[in-house]
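Here's the letter readout for the chains.
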Amino acid sequence: MTATHALPRHDRRATGPGGLPRLLQAMDLDAHLDAYGPPPYRGARQLIEVVAAAGLTGRGGAGFPAARKLTAVAEAGRRAVVVGNGAESEPASCKDKQLLWIAPHLVLDGLQLAAEAVGATRAYLYVHPHPGLHQQLGSALAARAAAGLDRAEVQLMSAPPRFLAGEESAVVSRINGGPALPRFKVPPTFQRGVAGAPTLVHNVETLAHLAQIARGGASWFRAAGTAEEPGSMLATCRRADGTVEVAETAIGTPLGELLRLAELPGQAVLVGGYHGTWLTSADAAALPLANAGLRPAGAAVGAGLLAALPPGRCGIAEAVRVVRYLAAESAGQCGPCLSGLPRIATGFAELAAPRPRPRLRADLERWARLAERRGACHHPDGSVSFLRSALAVFASELTAHAHGQCSATSHRPFLPVPVGVPAGQADWT
Amino acid sequence: MNQQLRVNPIACTSHGLCAELLPERVSLDEWDYPIISSEPIPPGLRKAARRAVTDCPALALLLTERR
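Residue numbers (this note's numbering), protein chains in the order written: chain A, 1 to 429; chain B, 1 to 67.
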């Protein structure tokens with residue numbers, strides 16, 4: 001067994017710069033224990049200081065400082081609950097699923113250590129029921145129980161196949177036995193979440209990093225990444241040749257390198273996910289995968305999705321399809337989203353057709369303004385961000401469409417969009 | 001006391017009463033949902049704001065400390 005504060009052994013045998021990969025190494029429990037030892041429990045709250053010094057931020061999309069979330073739940077003053085959120089609902093992203101498949105014990109260590117830090121004795125792991133994944137995670141939990149590794153009881157929960165199922169308040173609602181729908185967050189989840197208890201919801205990748213920080217410490221974590229955004233992160237890279245790779249990379253790595261844009265040029269790059277931002281390839285190539293660098297371009301790391309649209313595909317057709325999907329995935333609870341997104345989706349499709357009516361563009365912009373920042377969750381905001389950046393980046397294609405032309409040589413869809421549950425027949429459980 | 005009017009958009013069912021009771025801070029969009037100004041509620045508007053909160057048929061309004 002390793003000493004609890006020693007550097008992870010794999011760090012010494014790592015092949016890449018900065019000791020990567022830190023997370024993406026396939027390990028069953030024996031291999032995991034051999035490499036890392038049992039979870040390094042150290043007493044309530046002790047870990048929070050180390051996580052703060054490491055500068056870990058949430059890897060689920062919002063990028064909120066992990067230590068602040070831990071502190072808020074720990075200080076709520078009542079018995080807390082911890083949730084590992086693996087409901088990766090971005091259709092084009094698969095990094096959390098991959099992590100859960102190949103290194104479940106890092107996630108489960110992180111879940112235990114987070115529970116200890118905030119004083120929770122109950123924990124949940126919330127994931128989409130991919131074929132085989134639940135069984136795999138169930139076996140992992142059983143093996144840990146047999147080895148006596150876990151202190152908090154862990155329950156596996158299924159997320160419904162909806163885009164918003166992984167939104168924090170939707171996660172809590174589902175675990176409470178309700179539908180996986182976003183809720184109005186007053187009071188906030190860290191005060192009142194699962195069964196009314198203070199609740200910590202962390203993305204599964206965040207938990208895996210937390211487990212590594214508990215072993216390696218803050219300066220080990222900071223050996224990769226930038227001073228402002230330390231560490232490594234998982235990114236789903238959809239390259240222009242159609243290949244998809246989940247890469248573990250130091251934060252700050254140029255997007256051009258991750259997507260291999262020099263050899264596989266794309267027309268444009270989608271950054272962050274379907275709530276993210278389109279950039280021209282030329283702009284994207286030099287930008288780093290880091291919020292500080294992406295912010296001036298109006299983009300954010302988000303859920304770590306990068307997609308390079310191949311030559312010969314129509315960016316407008318792709319964007320219309322995604323916006324239609326996002327409108328159908330509205331929870332339909334808040335008026336501005338319920339009224340705005342379907343109009344936006346239909347209006348965008350009309351705008352992409354020959355000879356759109358003259359006022360349509362102005363209507364679209366007005367609906368976008370009316371929809372954004374008025375929902376209980378960020379779905380309308382993210383959808384509008386996607387729309388606006390598509391209108392900007394594919395402006396010349398849009399003009400061609402208005403004249404009945406399209407530059408695409410292939411109409412095969414590039415960005416994955418689930419063939420949906422028909423609107424109004426939603427199953428949110 | 002620096003208070004701000006907020007709407008719970010899930011509870012709101014677009015009755016529009018708030019815009020009648022507090023036109024200084026609430027207007028309605030083209031779908032009749034309230035657009036609420038983030039400006040603080042000055043002392044002279046507090047009574048009307050409290051009335052908007054208590055009279056909302058959906059109980060969708062709340063006064064919170066300004067964030």
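Source of the hints: derived by calculation from the structure; they are not laboratory data. Check each hint, because a few of them may be wrong.
[As the list claims (entries may be wrong)] So the derived list for chain B, only partly shown, Cβ under 10 Å to chain A, looks like this:
1) Gln-4
2) Glu-30
3) Trp-31
4) Thr-54
[Said to hold, decoys possible] Interface residues of chain B toward chain A, partial, derived using beta-carbon atoms under 8 Å:
5) Gln-3
6) Asn-8
7) Pro-9
8) Ile-10
9) Cys-12
10) Glu-24
11) Tyr-33
Just so you know, these numbers come straight off a predicted model, no measurement behind them. A virtual CB, placed ideally from N, CA and C, is assigned to each residue, including glycine.
* Asked: Against which earlier hints does the structure fall short, listed by number upward?
  -> 1, 4, 5 and 10
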